[in-house]
Amino acid sequence: MYWWLNAFVICIVLTNIMFLASARLGSCIRIIAFQGAACGLVSLFVYGYPFSPSVFILAVAAVILKGIVFPVLLRRSLEVSRSNREVEVFIGYPLSLLSGLVIFIISLWLGTKLTFTSLPTLQALIPLAFATMLIGLFVIITRVKAITQVLGYLTLENGIYIFGAGLIFEQPFLVELAILLDIFVAVFVMGIAIFHISNEFDHMDTHKMSELSDYKDQEEMP
Amino acid sequence: MMIPILFFTICVGALAAFFIRDDNSRRRLLVAAALLHIVLTVFAWFDDTTYVFGLFGVDSLSRWFLTVTSFLFCAAAFYAKGYLKRQSHARQKDFEENLLFLDAPEPVFTGCLLLFLSCMTLAIFCRHFGMLWAAMEATTLATAPLIYFHRHHRSLEAVWKYLLICSVGIALALLGNLFLAAALKAEGGSGAQLFFRDLTSPSVHWNSAWLKAAFIFFLVGYGTKMGLSPMHTWLPDAHSEAPSVVSALLSGALLNCAFLAILRIHQVCVAAGLGVFSSQLLILFGLISMVTAAVFIVGQTDYKRMLAYSSIEHMGILALGAGLGPIAYFAVLLHILNHSFTKAALFFTAGNILGRYQTKEIAKVSGVLQELPVSGFLWLCGFLAITGMPPFGLFISEFLILKAGFDSGHIFAMIVYLAALAVIFMAMAYTFLNMAQGKSRLQPKASQPEARSAVLPALALCAVVFILGFYIPPQINDFLHKAAVSMEAPR
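Read top to bottom, the protein sequences are chains A and B. Read in order, the letters of the first sequence correspond to residues 1 to 222 in this note's numbering. Read in order, the letters of the second sequence correspond to residues 1001 to 1491 in this note's numbering.
Mixed in with the good hints there might be a few duds.
Unchecked claim - No farther apart than 25 Å at their CA atoms in a straight line, the calculated lysine to any residue pairs in the SDA-like style are these: (1) A/Lys208 with A/Val80; (2) B/Lys1093 with A/Lys113; (3) B/Lys1364 with B/His1150; (4) B/Lys1364 with A/Thr142; (5) B/Lys1081 with B/Ala1460; (6) B/Lys1093 with A/Trp109; (7) B/Lys1085 with B/Val1374; (8) B/Lys1081 with B/Arg1021; (9) A/Lys208 with B/Asp1022; (10) B/Lys1212 with A/Trp109; (11) B/Lys1093 with A/Leu212; (12) B/Lys1360 with A/Trp109; (13) B/Lys1093 with A/Ser198; (14) B/Lys1093 with B/Val1108; (15) A/Lys208 with B/Lys1212; (16) A/Lys208 with B/Leu1099; (17) B/Lys1403 with B/Phe1479; (18) B/Lys1482 with B/Arg1021; (19) A/Lys208 with B/Phe1095; (20) B/Lys1360 with A/Val80; (21) B/Lys1081 with B/Phe1046; (22) A/Lys208 with B/Asp1103; (23) B/Lys1093 with A/Phe56.
Unchecked claim - On the chain A side, residues computed to face chain B include the following (Cβ under 10 Å): (24) Tyr93; (25) Leu122; (26) Gly159; (27) Leu181; (28) Ile197; (29) Met209.
I should point out that these hints are in silico values taken from the structure, not numbers from a laboratory. We put the beta carbon where it would ideally sit given N, CA and C, even for glycine.
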C-alpha cells in the first residue's frame, strides 16, 4: 500500500514541476487533469484496504470531477475563446522553475514545523500539500490569462485536497459532497466567465482588465 | 418541521424563477419569496431542533443574523420589483463610454437573487464548519451573475476579480477547516468532527499551534469575503459595478454572513483558551480596515465606491468590537443591524441618483434635494446615520464599542478608531452635502415624481435605524443581551 502512495506522491510532484514549465495551454490542462486524478487516488490509499464505501465513493467522485469533468469544461472554454494557445507569463519559465524549487524547500521546512504525530502517513503528505498549494498561488499571480488562473485555482484546491485526504473523511458524507459540488460549480461559473471575457475583450489577459480603480485620470474631469 | 418546508419552498421558487416567462408574475414571486422568508424567520425564533444529522439548526446568534438578512432582503425585493419595471430591456447606452450594452436576462437575475438568499440562509443555519464553508462558497457563486447584470466590460472585470479573489480566499478558509480537524487529531484525539457545539465545550483537547494556524486561515479566508483590509480589493469594484439593489444586499447581508463565520471560529478559540490571540488579530485587522477605508474615502470620485469603502470601515468596526471581548458583544450585534439597514438604504438611494443623473462621479452630481426631494432627504439622513451621528442607531452602537474599548483598556486602538471615524465623517460630509445641495445641472425634464418603490424601502429602513437611536424595544434588548452572553459561553 505504502508503495502505491509513494508512486502517486511522486506523480504529483512531477506534475507540479511540469505545470510550471509548460508553455502550451492544452498541455497545462492535461497536466492538471492528471494531477487531480492522482490526488483523488491518494485519498483512497491513505486509509488503505479495505476501502470503506463513503471513502470509495468520494474518491471516485473526485477522480471523475478533477480528472475528466474539469478538463473538459476548461478545454471547451479554451476552444470558444479566440486567443492563442500559449501560456503567457510575467515571470519566465526558468525563473518559474527556480521559484518552484524554493517553494519545495519552504514546504519541506513547513512540514518539519507543523507536526502531526498521530497519523504518520499524513505527516509525510504535509510538505507535498503545501508545495502544491503554493505553486497554485504562484501560478495565479504570475500567469497572464484568465484560464491559467483557473488552473492555478485548481492546483490550490488539489493541494488542499491532499492535505484533507487524511482528515476529510471524518466529516459527514454530506459535507464532503457539498464541498465537491461547490468546487464543480465554481469551475463551471469561471468557465462561463472566461467565455464572456473572451467574447467581450477578444482576449483573456487579466492585466489588461484594469479599468476599475480608485483614482482615475484627472484629465477626464470637467 | 416548518423550517425545512419553508426553506425548500424558497429554493423551488428560486429555480422556478429561471423558467417563468411572464415578467410580472416573476417579480411577484420575488416579493412572495421574501415575505415567505420572514415567516421562516418567525418560525426560527421559536424552534430549537436541529435538522439533517445536526448539520443545521439555530442558536441565538444565528437568529439575529437571520432576522437582519430577512428584513433586508424583503426591502430589497420591493426595491428590485420597481427597479426591474423601470429598467428598459432594450440596448442601453453606457453613460461612461457611450457604448451599447444589454442587461442580463431578468429570469437569471431574479433566480440568482433568490438562490443567493437560500445560500445565505443555509450559511446562517449551519452548525458544522465544513457545511458553513460549502454554503459560503455557494453565496459567491450565486452572486457572480448578479454583479454581471449590466453586461459591459467593467462589470465583467469586477465579476472576474470577485470570483477569483473570493474563491481563492474561501479556499484558504477550507484549509483552515482542515487545520481545525488537524488540531483535534494531532494530540491523538479520537474524532475530528467539526460541529460547533462539540468544539466549544471546554473538554476538547487542542493542539494550540494547529488551532492558531486554523484561526489565521479562517480570518484571512472569510475576511476576504467580509471585506477586511488588506483582502478587500474585490469589494469596491464589485459594489460599484453591480446594480444598486445587489450592492445593498452584498453590503448588508453577505458581509454579515462572513462575519458570522469569523465569530464562530473566534468562539472556538475563546473556548480553547486562545481568546487573547484571536482577539488581538481581530482588533488588528479591524483597525487596518478602518484606516484603509478612511484613506480611500478621502478624495473618492465615485459615490458608489465611497459607500463600498464605508462598508469596509464598518466591517472593521465589527471585527474590532468582536476583538474587544464580551463587553462589546451587545454593541456588535446592534451594530450589525444598524449598519446593514443604513447601508442598504444608502445604496437604494444611490441607485435612484444614478438613475436620474446617469453618472457615478461625485463631481457631476449636485442639487439632489431639488431634483429628487425624497431621495435627497434620504441621502442626507443616510449620511448622518452612517457616520454615527445622533439620534441614529449607529451612534449608540459605535459609542458602546468605544466605551467597551476604553473600559477594557485598549486606549491606543480607540484613538485610532476615533481618528478614522473623524476623518471619514469629514470626507463624507463634504461629498454628501455637495451632492445634496446646490443647483441641479440637469436639463429640466418634465419632472416625474419619484416612484414609490424606489423610496419607500429606503425610508422604512432609515426609520428603523432612527427609532433604534433612542428606543430599543425591551424584548430586543433582552434578546441581544442573552445572545451576547451565549457568545461568551456557547451551548
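Evaluation of the provided hints:
1. The straight-line distance between the Cα atoms of A/Lys208 and A/Val80 is roughly 20 Å, inside the 25 Å bound, and the hint therefore holds.
2. The hinted pair formed by B/Lys1093 and A/Lys113 fails the criterion: a straight-line CA distance of about 58 Å is larger than 25 Å.
3. For a cut-off of 25 Å, the pair hint linking B/Lys1364 to B/His1150 stands: about 22 Å separates their Cα positions.
4. Distance hint between B/Lys1364 and A/Thr142 is unfulfilled; the C-alpha atoms sit about 39 Å from each other, more than 25 Å.
5. For the suggested pair B/Lys1081 and B/Ala1460, the alpha carbons sit about 16 Å apart, so the restraint of at most 25 Å is met.
6. About 56 Å separates the Cα atoms of B/Lys1093 and A/Trp109, which puts this hinted pair outside 25 Å; it is violated.
7. Between B/Lys1085 and B/Val1374 the alpha-carbon distance is near 20 Å, which keeps this suggested pair within the 25 Å criterion.
8. A distance of roughly 15 Å separates the Cα atoms of B/Lys1081 and B/Arg1021; the hinted pair therefore holds under the 25 Å criterion.
9. Taking the CA atoms of A/Lys208 and B/Asp1022, the gap is near 40 Å; set against the 25 Å cutoff, the hint is violated.
10. Taking the CA atoms of B/Lys1212 and A/Trp109, the gap is about 18 Å. The hint holds against a cut of 25 Å.
11. The straight-line distance between the Cα atoms of B/Lys1093 and A/Leu212 is roughly 19 Å, inside the 25 Å bound, and the hint therefore holds.
12. This hinted pair does not check out: B/Lys1360 and A/Trp109 have alpha carbons roughly 50 Å apart, beyond 25 Å.
13. Only pairs whose Cα atoms come within 25 Å are accepted, and B/Lys1093 paired with A/Ser198 is accepted, the gap being roughly 22 Å.
14. For the given pair, B/Lys1093 sits about 22 Å from B/Val1108 by alpha-carbon distance, which is consistent with the 25 Å threshold.
15. With a C-alpha separation of about 38 Å, the suggested pair A/Lys208 and B/Lys1212 falls outside the 25 Å cut-off, and the hint is violated.
16. Restraint check: the Cα-Cα separation between A/Lys208 and B/Leu1099 comes to about 19 Å, which is no more than 25 Å; the hinted pair holds.
17. Between B/Lys1403 and B/Phe1479 the CA atoms are separated by roughly 21 Å; this keeps the pair inside 25 Å, and the hint holds.
18. Only pairs whose Cα atoms come within 25 Å are accepted, and B/Lys1482 paired with B/Arg1021 is rejected, the gap being roughly 47 Å.
19. Only pairs whose Cα atoms come within 25 Å are accepted, and A/Lys208 paired with B/Phe1095 is accepted, the gap being roughly 21 Å.
20. Annotation: proposed proximity of B/Lys1360 to A/Val80 is violated, straight-line Cα distance about 34 Å (limit 25 Å).
21. A C-alpha spacing of about 31 Å is found between B/Lys1081 and B/Phe1046, which places the hinted pair above 25 Å, so the restraint is violated.
22. With a C-alpha separation of about 23 Å, the suggested pair A/Lys208 and B/Asp1103 falls inside the 25 Å cut-off, and the hint holds.
23. A C-alpha spacing of about 54 Å is found between B/Lys1093 and A/Phe56, which places the hinted pair above 25 Å, so the restraint is violated.
24. Interface hint status for A/Tyr93: violated, as the beta-carbon distance to the closest one in chain B is roughly 23 Å, over 10 Å.
25. The beta carbon of A/Leu122 comes within 8 Å of a beta carbon in chain B, closer than 10 Å, and the hint placing it at the interface holds.
26. Annotation: interface hint on A/Gly159 holds; nearest CB of chain B at approximately 8 Å, less than 10 Å.
27. Checking A/Leu181 against chain B by beta carbon gives a least distance of about 8 Å; that is within 10 Å, so the hint holds.
28. Nearest Cβ of chain B to the Cβ of A/Ile197: about 6 Å, under the 10 Å cut. The hint holds.
29. Because the smallest distance between the Cβ of A/Met209 and any Cβ of chain B comes to about 4 Å, under 10 Å, the interface hint for this residue holds.
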